[in-house]
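**Q** Protein chains in written order, with UniProt numbering: chain P, 1 to 330; chain C, 1 to 330; chain V, 1 to 330; chain Y, 1 to 330.
Do not take every clue at face value.
Note: identical chains are not told apart, hence a pair may lie in one copy or across any two.
Straight line, CA to CA, 20 Å or less: simulated SDA-like cross-link-like pairs of lysine to any residue [claimed, not checked]:
id, residue 1, residue 2
1, K244, N263
2, K244, N195
3, K92, L275
4, K244, D59
5, K202, V157
6, K244, G261
Since the hints were derived computationally from the structure, they do not count as laboratory data.
Number of protein chains: 4
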Amino acid sequence: MLRLGILGCGRIGQVHANSIRRIEGAELAAVADLSSEAASACAARFKTVVRSIDDILNDEDIDAVVIATSTSTHFDLVTAAARAGKAIFCEKPIDLSSERVRSCIQAVNAAGVAFMTAFNQRFDPHFNALQARVRAGEIGEVETVSIVSRDPAPPPVSYIKTSGGLFRDMMIHDLDMARFVLDEEPVTVFAVGSNLIEAGIKEAGDVDTAAVILTTASGRICQVTNSRRTTYGYDKRLEVHGSKGMLRVSNVLENLVEQAGSNGFGQATAQAFFLERFEAAYLAEMRHFVEAVSSGTAPVPGAEDGLRAQLIADAATQSWREGRPVEIPR
Amino acid sequence: MLRLGILGCGRIGQVHANSIRRIEGAELAAVADLSSEAASACAARFKTVVRSIDDILNDEDIDAVVIATSTSTHFDLVTAAARAGKAIFCEKPIDLSSERVRSCIQAVNAAGVAFMTAFNQRFDPHFNALQARVRAGEIGEVETVSIVSRDPAPPPVSYIKTSGGLFRDMMIHDLDMARFVLDEEPVTVFAVGSNLIEAGIKEAGDVDTAAVILTTASGRICQVTNSRRTTYGYDKRLEVHGSKGMLRVSNVLENLVEQAGSNGFGQATAQAFFLERFEAAYLAEMRHFVEAVSSGTAPVPGAEDGLRAQLIADAATQSWREGRPVEIPR
Amino acid sequence: MLRLGILGCGRIGQVHANSIRRIEGAELAAVADLSSEAASACAARFKTVVRSIDDILNDEDIDAVVIATSTSTHFDLVTAAARAGKAIFCEKPIDLSSERVRSCIQAVNAAGVAFMTAFNQRFDPHFNALQARVRAGEIGEVETVSIVSRDPAPPPVSYIKTSGGLFRDMMIHDLDMARFVLDEEPVTVFAVGSNLIEAGIKEAGDVDTAAVILTTASGRICQVTNSRRTTYGYDKRLEVHGSKGMLRVSNVLENLVEQAGSNGFGQATAQAFFLERFEAAYLAEMRHFVEAVSSGTAPVPGAEDGLRAQLIADAATQSWREGRPVEIPR
Amino acid sequence: MLRLGILGCGRIGQVHANSIRRIEGAELAAVADLSSEAASACAARFKTVVRSIDDILNDEDIDAVVIATSTSTHFDLVTAAARAGKAIFCEKPIDLSSERVRSCIQAVNAAGVAFMTAFNQRFDPHFNALQARVRAGEIGEVETVSIVSRDPAPPPVSYIKTSGGLFRDMMIHDLDMARFVLDEEPVTVFAVGSNLIEAGIKEAGDVDTAAVILTTASGRICQVTNSRRTTYGYDKRLEVHGSKGMLRVSNVLENLVEQAGSNGFGQATAQAFFLERFEAAYLAEMRHFVEAVSSGTAPVPGAEDGLRAQLIADAATQSWREGRPVEIPR
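Only chain P is shown next, with the shape it has when bound in the complex (with noise of 0.2 Å):
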């Protein structure tokens, strides 16, 4: 039985405790939250006890903790879960310093503990049977990715002022995906970002729609298309071309109802936003998760890959303000 401890009762950090209690062999033994009221009401719905972050992380009892606190303090908190010895899950990004995801990084490597880095889009069973099946060679090399990626509406401007960005905070899901199925590290990237939906994402010094050329040593090339607006749902969807075939996921829709009446056929829309399509993914990342840590293996994605996909998200951004292509740093 691993025993876990939540850090943060937001929206995620309830996604996170909803998953554990579903998990065989994973049993949620406290939470801890900034605001006591927060807290109470999650331990109540999810049958645990509050405490504070001291005493979960001083507890030999509680296996890993479940950082899902604003992004400010994850590195302090990383550090100080590090030092406690407990396996480490950590909502993306882990900064948004890559130099600070760096010594987050040598932290978790000193005290030997497992850390994962929560690119649940991974976990989804879609875009997970996709790369199990191109990583199986069933498409042979892989030569283009294309990533859609556009959210039903903006974030507000508030959130987008210390997001770090569209690039940071909404394409670092893409960009941790490219790498998942190109098979191969991307060295350059170029980006574009336009203004075409809301003033105040202007005004916050942020783009609203932007596209990624990304390539690879080998040559392999991949593009990812993101928006922060659309009238018909999350638009998800991945599609890789390789020399023997392609393999795509489409979006997923809100029901399989299909109607036929004189303005055609039609279907629902895609399913509203990530925390409906993504919702088996929250469960199996954080499955993976207990399996690792509970059979001594790493999980992953791990710390490496949450800084990787940081650095891509970085030089994007670099690119798109620079108007010029940007090599990824090593």
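Assemble the complex: chain P is given as a structure, and chains C, V and Y must be docked to it using the hints.
**A** Structure of chains C, V and Y alone, referenced to chain P:
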């Protein structure tokens, strides 16, 4: 070069004229029609000449005739054309009386001329490819067949009064298709019919909605659904389930544009009706006729196929009227 | 908080235990099973206690029972539970004898307890959304319904010997679905059945492939196709055609990965069988039961719905045996 | 009746001859080719006469010419035909040198003759319907465009050596399509290219896989992906995302037969290549030319459209070579 004369310059006669013009190795030698106006317009459009039916039948340079006149004239024309030694392409039904169809078959056999019944839907590229794969054993032994035909709108009641009714004028195509893919003759039929669409059809003694179950000696089952109305174009589908798998053809849409918006995902309506849906089939069936006659092989479907479909339609009509399953005559 | 006891800890009892655990406002108070081993394992897995059926029925703190034992025991358990004043959730069929089902209904009505028949497929999110749209008038008046159910593989012949046969153990779900969407009671049924798959089924006096036509008083027509075998997973489809359009639900696939290669485009098989296909439906039906009982409203489908579906299944069985359409008893 | 002469009787010349024969109001007056054998065969097939290019240009009864000779001859033929007062339908590219294209435009404008550049893909019924709906405002303001073109197999290296390379001979169609749907001129292009398929293409100084990002002044973004190889037919797709929704056209398959079996559900490959995929488009573009010239309106796309697409292709080539975004000349 096969030289053909067309008897009957209505809509379907013109379809065949257009096909003949597009087939290498075929020449439209003449057209005939009761209406000299219709004949002239057709001749002008397809760059051929108007002649009388007798002239066409007596002209030794004409090899084949296409009988596209009204059903009541088929019997006389078929027997005359057979006597004149012409290869015969005859619109369905050959005659509303199966006794008279048997007479036609005798006349054709006695004269030793080629005869083809115009079940054009067998030549649709999609249905044809499906049937070839069934025949090749791809799905093993056929177990069940499902056929859906829904017309966009009912025909005029005046047409229904002379057509023989839904089972004979509309479902007969599906009954032929059933024979085409079942690979075994149906032996019993059970039919139900309803009046859900237009009062005039009921007054004319016919139904506008119907369903049929056919069974074969070995236990294969075929279901047919017919309706005289849809709001989304011509609904025409075929599905064959066998011991090793399933093959099906769904609707052909007006175009392949897909849209997404707040109402979900959408596509065009199905193609409007049979002239659009079976455009390629009309050309292919005439090409088959021309090639078969030119090479001295028997065109398929032949007169016997026309008879068999009609006997099933008659039995279905009887089943509907009497409310019991009916054995199909051998 | 509604406290429930589960009677019968087999596969389906465990499905319901798992559902209850996931519903806020419900608590699994106890489980019972003839096999103490099965009961203990179930109690351990779902963190509850084992008690005898009598104890459960006599415990005033238990509000409701889930009857998931073998069919032959349902009659006694329903009448006992009704007398004990428990709300009853009963697996289908209530009993193989419609006379005894009527007795159950009397007992339930006399006791004034809530009763729900477990036609879980009504709660499938796709079928449920379809039915709601039919009911809301989106496609006008219902004209024809088509239901396809094909199991991936036949059950053991031993099961078939006591199940009541294909029409009663398998098609009954489709017959209930027909009632759910037809919006009018079927009045006649015609059924055909064949033995195309497994000799043992024939020896047991049952069929493995079947088709049915139902008609209503106003002329609505419903066709059902059943097979005990597919090679591509659980084939479960529903289509409703009305005066203003059509609504349908096609197969739910294992995952949404599409591949393209020299054999064309491909997708996964359909979900394996009903436990996967109706996972969400099992949860939703139990949630409905809990909410209805908690709020004092009658759960639907009720005992009468169980009876009606069974009467149609009985009539279909008779129709198949006698080779003629049969009137469905009122 | 518009009388046309075809200059060049190769594969594409014959496609146009076939189109002309099917258009009411058009007549194929003569054909010319350097190879008298090719010219004779073409004339025989399409029932017209062989004449020299000079004869055709000097014949006052010929209204228009179709230039379907090799690219290097276009410049001379366009200027000669313009001087001769013929309406001109010219295969793309007009010339590999944009300077010479500008000269052609001057000659055409000076002569006041009609000129159409053969970007046939604009006339594909699916793409055309999509563009009309974009233009009609159905999806609001265009934000992003995605175009995928993958050929089934690379052309001979000998062709590539004179074609101007992938961006000019293949992607140019997509660049024109981008202009067609963007509703605003692209101002910058960034291109990457790789050699993943055939060594000979690299030796010839070209790439076989490429991706491009175009941006417009208002911030619209278009991505194009090209590959010289697929295993599943001609992969040709278009997607436009706007403020109110999305429109797209996916692949056109060989036929609509779907199969299901133990490997899942499957459909045919995409149509083999452009001659099949754009069969209807070739007819529609010629019909447009005939109707425009006959009615005295300017055919679209015109010479300027040919020039604009080529300037983008040139800029993309330069971007790929120099590894930086390039401004597209006005």
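**Q** Hint by hint, which ones does this structure get wrong, listed from lowest number up?
**A** Hint 4 alone not satisfied by this model.
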